[in-house]
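Heads up: the sequence lines are chains A and B, in that order. When you line the first sequence up against the working numbering, it's residues 500 to 768, in that order. When you line the second sequence up against the working numbering, it's residues 1165 to 1358, in that order.
Keep in mind that the hints were calculated from the coordinates and are not lab data. All values derive from a computational prediction rather than experimental measurement. Hints are supplied without guarantee of correctness; some may be wrong.
[Stated by the list, open to error] Keeping only pairs whose Cα atoms sit at most 20 Å apart, straight-line, the calculated EDC-like set for lysine to aspartate or glutamate is:
no. : chain 1 : residue 1 : chain 2 : residue 2
1   : B       : Lys1305   : A       : Asp535
2   : B       : Lys1234   : B       : Glu1176
3   : B       : Lys1234   : B       : Glu1185
4   : A       : Lys539    : B       : Glu1347
5   : A       : Lys539    : B       : Glu1256
6   : A       : Lys539    : A       : Glu506
7   : B       : Lys1306   : B       : Glu1286
8   : A       : Lys539    : B       : Glu1235
9   : B       : Lys1306   : B       : Glu1256
10  : B       : Lys1305   : B       : Glu1347
11  : B       : Lys1330   : B       : Asp1211
12  : B       : Lys1305   : A       : Glu506
13  : A       : Lys539    : B       : Glu1304
14  : B       : Lys1330   : B       : Glu1347
Listed here are the chains, written in short residue letters.
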Amino acid sequence: MRHLDTEALRALTTGEPETVAYFREHLAHPCEACMDFLAKTPGPGLLDGQVDALLLHLAPARQEAPRLDEVGYARVRRGLREPARPWSRVAAALAVAAGLAGLVVLTRAQVRPPSEVKGAWDGVKGVGTLALETSVVAREPDGHLRRMDPGGSASDQDVLVLRYHATEAGEALLFQRRADAEPELLGRFPLSAGTHELEGPQGLVGISLEGESGPLTLWLVGFPSAQVPPPEEVREALTHGDMGERPVLAITRFDLHVRGGTGQNPSPR
Amino acid sequence: MSRLGSSRELMEWVVRAMRGEAPAFSEIYRRTRPQVARLTAGFAPLDADEVEDVIQETYVRAFRALPRLKEPAAFEAWLLSIARNRARTRLERKGQKRRMDEEISDPQPETASVVPEALQLERDMAVVRQLIAELPEGEEKKTVYLFYVEGQLSAREIAEQLGVGKSAVTMRLERFRARIKQELLRRVLAGRWE
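Here chain A stands alone, though its shape is the one from the complex:
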């Protein structure tokens, strides 16, 4: 008895009549060998996608339309700006935790005094003011950690890790801006009171500098919990400097210069 294999799949794809006729009959009954092959082998054509689409639409549609995952979409836009590679080095924004597990003491560099970075508070009762300070550590390709000073330079092989001190729990939006471009949202993160590395749901946050060159600005904009305004508003405000009218409690800014073209191949992930 003949079962599906690579050769048979090729023949089916090209529509060879004998093969089509044989497997039309053969697959009329469940065949463990063929199912096993189909499970492990992509295609033919879009069949995998069609199967997944069918299965994923079996569940009742949710009443509410899905919200745009701003963080995920920002990563996609970032990926689209990078040159296509033989294999994709997906943006190394998250999960640099391994080399940082031993990071214990970092002197916080106060980017701007809290009194200067506080925005106007919108008067919501029961929420305290939040002061935020940040420092930046560069993780070099060999795992070495280096504290960065504002205005300092980093290699495009470095990954930046943000450490913050918040006086209250809240949330923060992280933006970056290249040269004169628009600020770009990198993510939304919870803030805990005290001193911590910036973490997302999937662990420590790192900002890959691969592909970057020239001046780069990072903003960590803190808000009280559940008071985060739309990122577009914050981006607009950062661009035009009118954060004082927003319910923003704290903005920290960190400028650096990226030395591009240091010539090392990226580590494939």
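Given chain A, put chain B in place with the hints provided.
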């Protein structure tokens, strides 16, 4: 919104994205990410970071190739095919079964055009529901029902509820999925989509 209605709307957004309208890309992402995320999160050995990487890579590839997509109606199946291939490639590299410079190739957008008519999709879904109903009572049926029919719990949550490992859940889902794939292939060979 019905399955048919949402498919038509998605196709309209795909056409707009193919014309280069920037807002259409975020709208496509918003509409389709839940399915892509659910698909990729079902691969047991991938952790949350890796799932996010796969999702990002899927959309970057799809959006780059979108202008070459021959048939806008094929977009969702094409996107999900890419997502599955990216997840598989990632898994095989992780398990060192595949070299870093090798990968499963995605369906070419220029040829991604064989799609069933929308009404046929509804009939296919009825067939899938029937196949689920015909499964013998047991763990596989329970798992398939929780993941695909109810659609509320993740593979990990189902594993916790059933008291098994996540890999056991994903194996059951993959086994059922292979059965559906075989059935759809048989229907293709019977000329239903031609």
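Now for the hints, and whether the structure bears them out:
1. Lys1305(B) - Asp535(A): Given that 20 Å is the threshold and the Cα spacing comes to 19 Å, the pair holds.
2. Lys1234(B) - Glu1176(B): Status holds; Cα separation ~14 Å.
3. Lys1234(B) - Glu1185(B): 18 Å, holds
4. Lys539(A) - Glu1347(B): The given pair, whose Cα atoms are some 16 Å apart, holds under the 20 Å limit.
5. Lys539(A) - Glu1256(B): With Cα atoms ~11 Å apart, lysine 539(A) and glutamate 1256(B) stay inside 20 Å; holds.
6. Lys539(A) - Glu506(A): Answer holds: lysine 539(A) to glutamate 506(A) is near 15 Å, not above 20 Å.
7. Lys1306(B) - Glu1286(B): 23 Å, violated
8. Lys539(A) - Glu1235(B): With Cα atoms ~27 Å apart, lysine 539(A) and glutamate 1235(B) exceed 20 Å; violated.
9. Lys1306(B) - Glu1256(B): 29 Å, violated
10. Lys1305(B) - Glu1347(B): Judged against 20 Å, a Cα distance of about 17 Å means the pair holds.
11. Lys1330(B) - Asp1211(B): Within the cut-off at roughly 12 Å; holds.
12. Lys1305(B) - Glu506(A): 33 Å, violated
13. Lys539(A) - Glu1304(B): 19 Å, holds
14. Lys1330(B) - Glu1347(B): 26 Å, violated
Going through the hint list in order, the structure does not satisfy hints 7, 8, 9, 12 and 14.
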